[in-house]
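Engineer: The primary structure of each chain is shown beneath.
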Amino acid sequence: IMSLFGEVPQATPVAVFKLSNDFKEDPNPMKVNLGVGAYRTDEGQPWVLPVVKKVEKLIVADNRLNHEYLPILGLPEFRSSASKIALGEDSPAIQESRVGAVQCLGGTGALKMGAEFLRRWYNGNDNMKTPVYVSAPTWENHNSVFANAGFKDVRPYKYWDAEKRGLDLDGFLGDLETAPKHSIFVLHACAHNPTGTDPTHVEWMQVAEVMKRRKLFVFFDSAYQGFASGCLDKDAWAVRNFVTQGFEMFCAQSFSKNFGLYNERVGNLTIVARDADNVRRVLSQMEKIVRVTWSNPPSQGARLVAITLNRAELFAEWKDNVKTMADRVLLMRASLQAKLQALGTPGTWDHITQQIGMFSFTGLNPKQVEYMIKERSIYLMASGRINMCGLTTKNIDYVAKSIHETVVNVQ
Amino acid sequence: NHKTLETSWLAFLASDVHPPHDWSSISWWSEVQMGPPDPILGVSEAYKRDTNPKKINLGVGAYRDDQGKPYVLSCVRKAEAQIAAKKLDKEYLAIGGLGDFTKACAKLALGDDNEVIKSGRNITVQTISGTGSLRIGANFLSRFHTEARDVYLPKPSWGNHTPIFRDAGMQLKAYTYYDPKTCGFDFQGALNDISKIPEKSVIMLHACAHNPTGVDPRPEQWKEIADLVKKRNLLVFFDMAYQGFASGDIDRDAWAVRYFIEQGHNIVLSQSFAKNMGLYGERVGGFTVVCKDAEEAKRVESQLKILIRPIYSNPPMNGARIAATILNTPDLYKEWLGEVHGMANRIITMRELLVANLKKEGSTRNWKHVIDQIGMFCFTGLKPEQVERLTKEFSVYMTKDGRISMAGVTSGNVGYLAQGIHAVTK
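So the sequences go chain by chain: A and B.
Residue numbering for the first sequence follows full-length UniProt numbering, starting at 1 and increasing by one per position.
Residue numbering for the second sequence follows full-length UniProt numbering, starting at 1 and increasing by one per position.
This is chain B alone, in the form it adopts within the complex (with noise of 0.2 Å):
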């Protein structure tokens, strides 16, 4: 009968735990090699296994507040007490995402009035920050971008970005960007190498704020890029993580995404909410085409679709809900706008401090781009040796490249941070 089968199986099988050959000792990951750490997240680990006090974490572009503290901004306690007096339900949001902050997000970038978003010809999801958004830009442009595989960064560009395309299928190549020799922008040789560039190939922009060199074209010098990209024929990707911070003037700060639309690019355009929100841990980006017409932008929203499903379904609802009530109440989106103006305030106080302390330490040097620089970071112009000793003597963090985040700059350390970076500089 079937009990005494089941139990007499069930006693066999149970013999059976250890059989007798190799399966004890070998494991199928025995040839997977131990990664390296991240170059960016990987500062803020060894940060934090240091036991020095007066350690100071200059690593992650994360805003901190003039005690080194975390900052939740003011308008987003309020946006949450408002959520949470709603009572919502916790069903799938569509693939595409919440349609308040979709709408919301595309407004921020384009401007309210912008022919684009009133002719319906832009698709906007939302993602996963602005790791997501670029992600599924890649994979967006590595599926249906079949005439160029190229992608242009600046040299240097975000360390993420490279792995990024690559991992997405595109190759990487740069153009001209940062000038070493006065820590700034090196405007004739980017337009030498944007000349140079294939036609239809991928051209990245960052809108503002240029992560890590904090060097960013002026007006005169966009308007003249971006008429050289159009007779290039290049495909314009802009990355704007940082709208606000730049120059705490959120319009200003998308005036080069703008300018271009103007201009007739039909650009893509990732967004990312982490900074200029404080949303970091919540993941709020969006990513945007700008297509020819309203039904090629269903098509394009289609597959993007598709490709959004098989990586996580949908995206999280939490820190979209913030954003969207935040852009879409009036005072509240007053007080946002006054809190971001006041967190490059800091910022750009904080280079001026660093400056005038550089000078107290007795440095020589010119440090005038400390302060030319906009936005999170400041490029220091340290090389690898420089920074190496400044963190093993001082307990200063950073990354490699000479990248420090002005955000971790405190009227508190901004004196002992002087002090490192002249010892390694005299």
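Next up, chain A with everything else stripped away, as it sits in the complex (with noise of 0.2 Å):
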């Protein structure tokens, strides 16, 4: 009989999990994967956060815990404090009781959930042709995220300077001026993904003061919440100012890197509205997009981490954790950068060192990437891109290495 999918092709796998699986098949005992951004110990190794491992305990240890469905909306007492981490406890807005959030699976829920709300109700109803601005370049997921919820406008903005390697803030600015009225901006709060590269605090006043005055929408997307600088406070900045300033606004917020609970997706969309009332009918009409995608969200997760923020010895802990690995990531950095300028590498290797979180953008070009992957077996993506959690004291002086060579034969 013939078969009613005889017709559906072949789709292309996503690059990021496709170069770990040419990594994992690699047999060079010296291969190194710079690609998929999750942190890794220097032995190279996965590291369930010591906060989160006690919290585990605590969990098993207490039979009035059950597997009930949670609220559509997410466990509450996760929610709130999800929400605080991003805002501030002292939020103006959270004091105004004008904040809301909704429990979503991971960052990509997150995003997921305001994009499919913003389609339904933002800018006249059901409205696809809402301009929606993604950052270039941007994790390149943000762009699935938004055509899957109906947008057909998804468009970049200017940010990345390839030349000067920095952020093309003029550019960024005149694509704010020229972008049709109410157009969405997806910006990344802190540790821009993929090049590491973040508005400065007089920057980040000047993109607010246009969006302002052109009636943008603000959609902050905030996946590495101490993972820029080591301090929660200074990482969500950008996002606090902006309350200050009085947007209305979406910020969708992954604990996947932060809290090292990646498989556990736990993420949180917090919204900021005028008021209470307002609140109230987006989260009902959130409800409603919720149930029919997942009903509720998973439980484990959230309750780990709303353990965790909510009891003071154990909160105290997860910054110490956080810290650990974001020293650890500037501690590669500069390490990369030294070794790099002792080795005479041409060009210059400042960016290594400005850049911000887990990224890099080296500056590879796609025929020097593909020499890295295929002579060195140095996993990175296309875009030049790498992990700095991908480097250990160990294999530093190999990448160092390989990186000079690649420079000097590869144009």
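Honestly, the hints are just simulated from the structure, not real lab data.
Any given hint might turn out to be false.
Stated by the list, open to error - Examples of chain B residues lying across from chain A (beta carbon under 10 Å, computed):
1) Ile26
2) Ser30
3) Arg49
4) Asp50
5) Gly278
6) Tyr280
Said to hold, decoys possible - Computed list of chain A residues with no C-beta within reach of chain B, every gap over 12 Å:
7) Pro46
8) Asp170
9) Glu264
10) Gln368
To be verified - Here are some chain B residues the structure puts well away from chain A; computed CB gaps all over 10 Å:
11) Leu228
12) Glu262
13) Ala356
14) Lys392
Ideal Cβ positions, reconstructed from N, Cα and C, are used throughout, including at glycine.
Relying on the hints, combine the two individually framed chains into one complex.
Structural biologist: As structure tokens, this is what we get:
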């Protein structure tokens, strides 16, 4: 019999996962994975945070806990404490009861819920023509999330200046000025993925000024709070400043990286609105969207985070664990930059230490990337993005030498 | 110099914190209407607000023990302890989920020795419980099953089926299923309607323990349905959320699914482990497409991943790990089968008790359907006004369609429940 799926084409695999796959299958003992964005210890191993291990034991030991459904919008104590992390405990918006939250499946899930809501209710009803701007470059899934939510016009805004290896502020502000009114802008709260280049405070305020004047929608993606500087509050500066400036906005939060809870899918969509009544109505509509997507979110990860954030000693321990991760990344940055400098590798390498967070946009071109992978078994994204967490004191010499060799031999 | 410029720029911007015009009063969300409460989940929320000590929650299908308490299965606790001892990492799962889980999930539904699994012509992905599975399925059909946009649901069906398929861009139609006169299966009505369904349409079948009616076709009836569906060349979408809960026997409850496959239907299938493993909040489910061959299964898999990635990237580990441990560890699996059997039996006992109590109250109505119906739910036959009275006057919470979750009935509350039902129906 003819198959109903006879015409289903083979889809191309998601690049970053294919990279990990290829790395796994590579027999070269010197191989290094600088691909997917997950933290690694100096032994190159995944790291379950000590505070997470502690809280897991608490959960297992607590016989009062069960596996019942969470409410549609998620675990209440998770939602409120997660929003506090982003906005600050003393946020005026929280004090004014104009903050709402939806527990979602990771940062992706939070972006998804926000996107679905905006398509239905923002700038008219079911207006799929509202332009959605994502940075050039950006996390590749941003495009798919918004397109799949129905938005027909997902466009890039200028962000990365490849020549000067820094922020193209003029280009960014220029795109903000010319964007149609009410356009949605996806902003990286800190530790921009993939470039590691964040606006300064002054630059953020310039962005805010234009967005306010031109009535553009603020949608923060906060996947690395704590990873940029090692300090949660510092990393939330942009989000909190925009709140102070009076914006209504969405902030998609991920706890995958800063809690190391990647596979438990812990995320939160924080909603800042004009007042409590708006929050209430928005949340009621969010429930409808959640119900036809996953009904209610998974319990384990949210419980873990909520317990940690709501107990002083655990919260302190968590902040310390985050700083441990951020510090190791900073050390690897400094180390790599120093080695490239010592080798006399052509070009300037200051961007390695200037860039922020887990990733660095090395500036290697596709041919050079291919060389690194094929000849050196060092796996990185075609864009030249490396995950600093993949570097260790044991492999950094090899990586530095390989980058040097590649830059010298491959143009 | 740069520092002076920055300071004055900051001062300039700081002074503009509250701009003069409409900023502070207008909201982007002024036109957003208040959404109505969810018809099913909203029931539990109303129940929570009620202060009557005798209140009973017969709304959502979540199993309760005879004390009315949530029941964490013993095999689940054991699996959790085993997992904790392993000190596993928390790295992202693949988009399609935990391999140990998806393989076992398919085997559970199709049978260990099923030819489909042996030939690799199924693709099974881990999903966010049953809802997530149905949604991925709906999205997949919407994108790739372009010959037909219509999904035929049994009348009635789970309330959330309609909005899920609609949101995915499909159109909803219905086929006769429940006979309110007999509170049973309208077999002829179903066959009549199915015979008229346009070719290639999608037909949704509840594998067992039909929700909300508890009315399942008998094997001979399933055979005729399978035959007719094949003649009509329909795409079968099985929803199996209660495997084990209907008869207490895993294999018996999967009989219809396996029969259809045997007869050559390349079905799509949603599975949930919310009820049969009590893993509700962990969100454990699977979505399976039975393909023509392994090559097609690979293509379909690649497209399912493309659908999943922009929703939640990859699924949660905890529940899948628990389920996989149970399914793949022989003595845990055995223990699980016993516990599912136990849950199903308690429900069967409650059905019998309820009918006995109704008779004791003096009810002269025919309540046979309460015992004949299968699974977690009972379609009482109560009308909306009667349901409203039952809620208002007796604090008995259920959905407006007259569906009660038998799992919420206990030996402690069955007398009071019978009182209430008799009061509103006499």
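Engineer: Next step is simple, just say for each hint if it's right about the structure.
Structural biologist: Evaluation of the provided hints:
For Ile26 (chain B), the shortest C-beta to C-beta distance to chain A is roughly 7 Å, which falls under 10 Å, so the interface hint holds. Satisfaction of the interface hint for Ser30 (chain B) is found here, the shortest Cβ-Cβ separation to chain A being roughly 7 Å, below the 10 Å cut-off. Taken as an interface hint, Arg49 (chain B) does not check out: its beta carbon lies about 13 Å from the nearest beta carbon of chain A, beyond 10 Å. Because the smallest distance between the Cβ of Asp50 (chain B) and any Cβ of chain A comes to about 17 Å, over 10 Å, the interface hint for this residue is violated.
The closest approach between the C-beta of Gly278 (chain B) and any C-beta of chain A is roughly 6 Å, which is under the 10 Å cut-off, so the hint is satisfied. With a cut of 10 Å, the hint placing Tyr280 (chain B) at the interface with chain A holds, because the nearest CB-to-CB distance is about 5 Å. With a minimum CB-CB distance of about 4 Å to chain B, Pro46 (chain A) fails to clear the 12 Å threshold, and the non-interface call is violated. For Asp170 (chain A), the condition that its CB be more than 12 Å from all CB atoms of chain B holds, with the nearest at approximately 15 Å.
Not every CB of chain B lies more than 12 Å from the CB of Glu264 (chain A), the least distance being 5 Å, so the non-interface label is violated. Look at Gln368 (chain A): its CB is around 27 Å from the nearest CB on chain B, clear of 12 Å, so calling it non-interface holds up. Against the 10 Å criterion, Leu228 (chain B) stays outside the reach of chain A, whose nearest CB is about 16 Å from its own CB. No beta-carbon of chain A is positioned within 10 Å of the beta-carbon of Glu262 (chain B); the least distance is around 14 Å.
With a minimum CB-CB distance of about 30 Å to chain A, Ala356 (chain B) clears the 10 Å threshold, and the non-interface call stands. Against the 10 Å criterion, Lys392 (chain B) stays outside the reach of chain A, whose nearest CB is about 24 Å from its own CB.
Hint compliance for this structure: hints 3, 4, 7 and 9 are not met, and every other hint is.
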